[in-house]
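Same order as they appear, the protein sequences are chains S and A. The letter at position 277 of the first sequence is residue 277 when you use the working numbering, and the numbering goes up by one with no holes. The letter at position 157 of the second sequence is residue 157 when you use the working numbering, and the numbering goes up by one with no holes.
No lab work stands behind these hints, which were simulated from the structure alone. Check before you lean on any hint, since a few could be wrong.
Keeping only pairs whose Cα atoms sit at most 27 Å apart, straight-line, the calculated BS3-like set for lysine-lysine is [unchecked claim]:
#1 A/Lys39 <-> S/Lys451
#2 S/Lys56 <-> A/Lys226
#3 S/Lys56 <-> S/Lys441
#4 A/Lys232 <-> S/Lys451
#5 A/Lys232 <-> S/Lys779
#6 A/Lys39 <-> S/Lys779
Partner residues are not named here, just some residues of chain A that face chain S (Cβ under 10 Å, in silico) [to be verified]:
#7 Tyr6
#8 Arg65
#9 Ile68
#10 Ala93
#11 Leu154
#12 Glu155
#13 Asn239
#14 Ile242
#15 Met256
Each residue gets a CB set at the ideal place from its N, CA and C atoms; glycine is no exception.
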Amino acid sequence: MSATGIGASVRRKEDHRFITGAGRYTDDINRPDQAHAYFLRSPHAHATINRIDATKAMAMPGVLAVLTGADLEADKIGGLICGWMIHSKDGSPMKAGPHPALAQGKVRYVGDHVAVIVADTYAQARDAAEAVVVDYTVLPAVVDTATATKSKTVIHDVAPDNTVYNWHLGNKDETEAAFKAAAHVVKLDLVNNRLAPNPMEPRAALGVYDKGEDHYTLYTTSQNPHVARLVLSAFIGIAPENKLRVIAPDVGGGFGSKIFIYAEETVCVWAAKKVGRPVKWNSDRTEAFLSDAHGRDHVTHAELALDANGKMLGLRAHTIANLGAYLSTFSSSVPTYLYAPLLSGQYNIPAIYAEVDAVYTTTAPVDAYRGAGRPEATFVVERLVEKAARQIGMDPARFRQINYITKFPHQTPVIMCYDAGNYNASMKKALEIADYKGFPKRRREAERRGKLRGIGFSSYIEACGIAPSAAVGSLGAGVGLWESAEVRVNPVGTVEILTGSHSHGQGHETTFAQLVSDRLGVPLEAVSIVHGDTDKVQMGMGTYGSRSGAVGMSAISKALDKVIAKGKKVAAYVLEASEKDIDFKDGKFSVKGTDKTLDFGSCALQAYIAHKFNGQDLEPGLKEGAFYDPTNFTFPAGVHIAEVEIDPDTGVTTVVNWTAVDDFGVIINPMIVEGQVHGGIAQGIGQALLEGVIYNKDGQLVTASYMDYTMPRADDLPSFKVGMTTTACPSNPLGIKGCGEAGAIAAPPALINAITDAVGHEDVAMPATPKVVWRAAQKAVSKMAAE
Amino acid sequence: MYAFTYHRPDTVRQAAGLLARKDDAKIIAGGHTLLPTMKQRLASPGALVDLGGVPELKGIERKGRGLIIGAMMTHAEVAESAAVQEAIPGLAALAANIGDPHVRHRGTIGGSIANNDPAADYPAACIAMGAIIVTNKRKIPAEDFFQGMFGTALEEGEIVTKVAFGIPSRSAYAKFRNPASRYALVGVYVAKRGGEVRVAVTGAGASGVFRWTAAEEALKKRFAPKSLEGVKADPSGLNSDIHADAEYRAHLINVMARRAVEAALGK
């Protein structure tokens, strides 16, 4: 291993600019003469719009335009789309209601976009917004996930019972038979709480229209600028692709929320032409709470069937998934194909059947958020498994071990074919790091201090590296999920990598460069990573679902193979040898059995000056591209163990120990991977202990600021003990599995399992705030007193 | 934020004059409540009168059995003051735990009590120690000063200049923080002075800070945490919100009171 190659904990190249304030985010980009947009948002959860009167607003200082849904319609601008078609059990397509970028006739959640005011300054736009008179007829709100279909209030005409789809997966009959044969049946009702994504940088957009070229440019906070351009061009109809450039510069976190194509950026780029000036919008934090797509929000009943020895026979789950008021870009896939195929967990479960009813409510759209479907699945499986172990009186680690899948490849009953893993290796290592044997002693010691101590496991699996294009296409995806790369070797041997992946905090500028340095033997400084600009980079699919390593880097690897192959041809001419005798190692081409060498930089120069070969025999230049389509999902897996102490007086839960042992396959940069694990666990602990989006019964967002929405802070978290095990992923050339979401997937059940262990019963909902845990602990304390 | 005019007087007299002359003028001290409210366009004063440049509002002075703190002293200054730490360590500790370092270096004692946020910390200390709120016009006992949520005895143009605390023999504050905002979900200040014990509760009451007399009676008999066992705060009249319902708050009042007594006893 070289100091900068694969496996080295190289410091992040990009951090210097971030920590010195030299990053360039969308809001840092300003155009002369730019105007500012302010979105007038619905104050009502559900209402018909009778009339919008902007006469007074239009006359206010600096106001350039007040645009509404009627203007979009007049310009034939289409609505926002959902790119994954899900079919119900009966074969009918999902019921997708219209989703205009600015409301047309109706608003469906608090924060829905009613009009945009464009003015010289933001303050003028905001002042004018207050002068826009909107005549609403307020309709009842539909807020509750579990009962949305029973409401008499219809949110979309196409879905009279507020149902988007009734979907299922697995084998119902086999599963029912498994439950009939079971010695034990374990049942659990679970709520997966709704979360607000909260990237550090809120969403922003700057739309620019060039009249001379009839060309648009959109700077925006996107995880996938090419997908944004595709949707804005082909579906929304802003402009043809060759007339629309989308640039996602530095982006300060996304967690999924910046995958989607939202109303605001659509409107900014469209309005730029309408007002003849660049149009800037920057979300404030409350707008982010109101209008960024939320995550999770499932209500589930799940059951597990066991034989007399504790072997799993079957699992069934019924989930109601709240998709909010409109179908966001990939929302339909999250509670279906990103969820139910993971219900086998790490376990050999012969029969699985899952039913998912997706519902509309008058709340913000819900879509992918770090983990997307897999945290929900893992919460179901790992809570159920922990309860099962308790119910049959078996040690929870042992119970998991006797049910682990041990032979690979393993075909689950729910689509997935796990390619590699060693779950017991992770469990063993985790038990050791966590000093599981010492837990009873620690518990007794805590009891003496009046504290309730508990330990909880999460033996999670996820599916990353999404995904084989044909496979996802057969499941309803509107796009392929390959990735692209171009390797441009410059004449003196420096390298530019153009990647369709997009870094919004992940450190691609470092890890991708490490791969190149490793393969080409060039120094890290000689490698630049170019991403996030549709004019510079070939079509690509972007970053989400922990796919940049497994898919994005595999594309780079494939292009590097081509560069090396071409380099060998050049070297053969220069070194006057046969191409088949050329080796390439450590940055040098050499002729087998001789001391003749050509370093990579010289080879690049020779490729460009093209003096040593005939341009008809070999094309000059050294630049190669590749599209990589994965052959399978990847399956990162691991074991997390949470240990908590509860103060029964206040209900405060302190996370005292956290052990994470993960198998991410081959790791490029262990430091960055560990950082991803830390961040993921922090978000998972956030979901389990602190975070929760709350709407009141009228559909008003109660948690619209940090005064009420609790983000995890440093003092809420312990120091994490992180360990790794490795089985290389056989499904991609680099053996990478992906690590971006693991912590957020693993953490919530581990923590709730620890809390329920401490209080001695299963009745603890997320977020397990002091209020919730105090009530739960009261039961434990009164039980202790009675004993 | 809407447009406003900004004034920075040198004296309390000038400040009072500006308040009287300018339409819709508001005093700004640390600005921790006012500025966010203005940014949300929920407040739109026509003029702001900034007390940051008024030297007579600064300073901390010990006078016999009293401690006098200038209204514009920041929480950090109070927390770090040797005079406060020596005279009323419980008050120094309270100030040291308000908000975060940014808040403590901007927020002031005068601003906090004039705003009387129901979840603010200082009102509990004022009530428990029977503080006198000194204004440019008069002296107001704390119990008359705080009048329900965000309500005070302050009249138009009246400016808090000082807070005078009687120095207790023992006192301490215990706070249970709101998990999100980290304001006091329940804060209890316990002060013992001679035979008198006062227990003041902030964060919990639907009409702001209040005295928990049942606890005071119990602690008068014996100033020890044990005395509060079985003494229950009445949940009626307490706040219920997404973070805590009234019953949980009532329970926390007892827990925080016990912890405050423990701290006051130096345990």
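Hints versus structure:
This hinted pair does not check out: lysine 39 of chain A and lysine 451 of chain S have alpha carbons roughly 43 Å apart, beyond 27 Å. With a C-alpha separation of about 67 Å, the suggested pair lysine 56 of chain S and lysine 226 of chain A falls outside the 27 Å cut-off, and the hint is violated. Under the criterion of a C-alpha separation no larger than 27 Å, the hint pairing lysine 56 of chain S with lysine 441 of chain S is inconsistent with the structure, at around 73 Å. For the given pair, lysine 232 of chain A sits about 22 Å from lysine 451 of chain S by alpha-carbon distance, which is consistent with the 27 Å threshold.
At roughly 19 Å between alpha-carbon atoms, lysine 232 of chain A and lysine 779 of chain S fall within 27 Å of each other, so this suggested pair holds. Proposed proximity of lysine 39 of chain A and lysine 779 of chain S is contradicted: the alpha carbons are some 45 Å apart, above 27 Å. For the restraint placing tyrosine 6 of chain A at the interface with chain S, the shortest Cβ-Cβ distance is roughly 16 Å, beyond the 10 Å limit, so the hint is violated. Given the 10 Å rule on beta carbons, the hint for arginine 65 of chain A is violated: about 35 Å separates it from the nearest Cβ of chain S.
Taking 10 Å as the C-beta cut-off, the interface hint given for isoleucine 68 of chain A is violated, the closest approach to chain S being about 33 Å. For alanine 93 of chain A, the interface hint is violated, since its Cβ never comes within 10 Å of a Cβ in chain S; the closest pair sits about 18 Å apart. Checking leucine 154 of chain A against chain S by beta carbon gives a least distance of about 25 Å; that is not within 10 Å, so the hint is violated. At its closest, the beta carbon of glutamate 155 of chain A sits 30 Å from a beta carbon of chain S; the interface hint therefore is violated under the 10 Å criterion.
Using the Cβ-Cβ criterion of 10 Å, the hint placing asparagine 239 of chain A at the interface with chain S is not satisfied: the shortest such distance is roughly 12 Å. For isoleucine 242 of chain A, the suggested interface contact is upheld, since its CB lies about 6 Å from the closest CB of chain S, less than 10 Å. The beta carbon of methionine 256 of chain A comes within 9 Å of a beta carbon in chain S, closer than 10 Å, and the hint placing it at the interface holds.
In the structure shown, a violation is registered for the earlier hints numbered 1, 2, 3, 6, 7, 8, 9, 10, 11, 12, 13, in ascending order.
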